[in-house]
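S.K.: For reference, the chains in residue letters:
There are 2 protein chains.
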Amino acid sequence: MDLDVVLVEPKFGGNIGSVARVMKNFGFSDLFLVNPTEIGEEARAMASNAQNILDNVVEVDSVEELLVQFDYRVATTGIRGETSDRHIRMPYFTPRELKDKLRDKIGKIGLFFGREDYGLPNKVLKECEIIVSIPTSDEYPIMNLAQSVAILMYELSEIEKEEIRLASQKELDIIYERLSKLVNHIDYPEHKREKTNLMLKRIFGRSELTAREAHTLAGWLKALIEEKS
Amino acid sequence: MDLDVVLVEPKFGGNIGSVARVMKNFGFSDLFLVNPTEIGEEARAMASNAQNILDNVVEVDSVEELLVQFDYRVATTGIRGETSDRHIRMPYFTPRELKDKLRDKIGKIGLFFGREDYGLPNKVLKECEIIVSIPTSDEYPIMNLAQSVAILMYELSEIEKEEIRLASQKELDIIYERLSKLVNHIDYPEHKREKTNLMLKRIFGRSELTAREAHTLAGWLKALIEEKS
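Sequence order for the protein chains is X and P. If you read the first sequence in the working numbering, its first letter stands for residue 17, the second for the next number, and so on. If you read the second sequence in the working numbering, its first letter stands for residue 17, the second for the next number, and so on.
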């Protein structure tokens, strides 16, 4: 996904730095700033190990010159509804719906965030093809800028959890067999043994053992059986 | 979902305030702090309209007394893998997987976050039933505390997008019929008219018109037809 982040008139350097950091956390790199506050000490501190993103920031004076650079323009808003300009914010997509919408698109995507107190100016909302809004509490819907960027980066990132090998059926069967041997050590009537075996199988079945856990568990059960014999 | 947030030894007041704000954004309210920095001016500023959450914070000296208060303890970690204590962080769930796991649970859930530089101490990781980690870039996996809380709050929140009424099939049929009338105004051969009608139906079909948009669009098309006649 070829996605750049645009902050329109950010007021606080700390937010710029935090945005840079979370972009790097999720594998994004290009940050545009429209008429921003100066990138000073606080921005540098909050960016932490994402100094390179701050170093490569592109600053422009007006949002118009940026709007034309993207194939899809996505506007973010924390205000949804009730106002007379409701129609320019509706219908909106959630971050997850946005991810689905952008998944198979080829083209340069610009994700626009407004300034901390006002949000995006109406002229930007009107230019953008897509409106996105994070579903929040009616009691306090307005989020911190850097936190809302974090949620968008999280949703739009292509980074996936690394694969963990789960135990195979064969590895699980060894465990069930050993558990069953241990159940037989107890002086239970036959029907109670069956029930206990089934319960143990259910418990270990739903815990989704990893291959590593299954290996360690099988070894421990084996040692236990040998000790009991 | 009865979920409380626990910050273990947070170093920066700004983070405590930002965490309070995002909790309120997503409808959560109970914040526990273990041996935190003082809640001062920066925390108050970053909390913005979530002062009530800061006012009701519960501070404790040791994490042990908190761990026993919850039915499910969830530990967060930004470090996944490679280290010798890998097993205490594995297997982990993503925030989305955690949501699925907690969905049908009844009980008090504690979501534990570690301090900005170290993360959670191993003793907490060992006590918790569930480990959660946000999939991030290998190049820079460690997130800002308040941003990682934001992503968990977003995923675990029960708040959903308000419903938007989409146009009904009947409302869409009026639009297609009027578009078709306009196509007939052009001097096209019959097969080209058919193709154009189909294309227009496809375009408006996939744009998922809201009822409001359909109403406005139908009115505009009607005016256009009357003007052309």
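These are computed hints drawn from the structure, not numbers from a lab. Wrong hints could be hidden among the right ones.
Copies of the same chain look alike in the list, so a pair counts if it works inside one copy or between any two.
The calculated SDA-like cross-link candidates involving lysine to any residue, where the alpha carbons are at most 25 Å apart (straight line), are [what the hints assert, rightly or not]:
(1) Lys186 with Asn51
(2) Lys124 with Arg228
(3) Lys121 with Lys177
(4) Lys115 with Asn51
(5) Lys177 with Asp116
(6) Lys124 with Ile190
(7) Lys124 with Glu155
(8) Lys177 with His207
(9) Lys27 with Ile55
(10) Lys186 with Leu83
(11) Lys217 with Ile146
(12) Lys139 with Lys197
(13) Lys121 with Leu214
S.K.: The structure should be examined with respect to each hint, and the outcome stated for every one.
M.R.: We went through each hint and held it up to the structure:
With identical chains, the CA atoms of lysine 186 and asparagine 51 are never at most 25 Å apart, being 62 Å at best within one copy and 47 Å at best between copies. In the homo-oligomer, the alpha carbons of lysine 124 and arginine 228 never lie at most 25 Å apart, since the shortest distance is 43 Å inside one protomer and 30 Å across protomers. Taking identical chains as interchangeable, the C-alpha atoms of lysine 121 and lysine 177 lie at most 25 Å apart whether they share a chain (23 Å) or sit on different chains (24 Å). When the C-alpha separation of lysine 115 and asparagine 51 is checked against a cutoff of 25 Å, the pair qualifies neither within a copy, at 28 Å, nor between copies, at 39 Å.
In this assembly of identical chains, lysine 177 and aspartate 116 lie within 25 Å of each other by CA distance both inside one copy and across copies; the values are 18 Å within and 16 Å between. For the homomeric pair lysine 124 and isoleucine 190, neither the shortest alpha-carbon distance inside one copy (52 Å) nor that between copies (35 Å) is at most 25 Å. In this homomeric assembly, lysine 124 and glutamate 155 come within 25 Å of each other (Cα to Cα) only across copies, at 23 Å, whereas the closest approach inside a single copy is 36 Å. Taking CA atoms no more than 25 Å apart as the test, lysine 177 paired with histidine 207 passes in neither setting, with 43 Å inside one copy and 51 Å between copies.
For a Cα distance limit of 25 Å, the shortest separation of lysine 27 from isoleucine 55 qualifies both inside one copy, at 10 Å, and across copies, at 24 Å. In the homo-oligomer, the alpha carbons of lysine 186 and leucine 83 never lie at most 25 Å apart, since the shortest distance is 57 Å inside one protomer and 37 Å across protomers. Within a single copy, lysine 217 and isoleucine 146 get their C-alpha atoms only as close as 49 Å, which misses the 25 Å cut-off; across copies the closest is 21 Å, which meets it. Proximity of lysine 139 and lysine 197 under a CA criterion of 25 Å is satisfied in neither setting, with 73 Å inside one chain copy and 34 Å between copies.
Proximity of lysine 121 to leucine 214 under the C-alpha cut-off of 25 Å is restricted to the inter-copy arrangement: shortest distance 23 Å between copies versus 49 Å within a copy.
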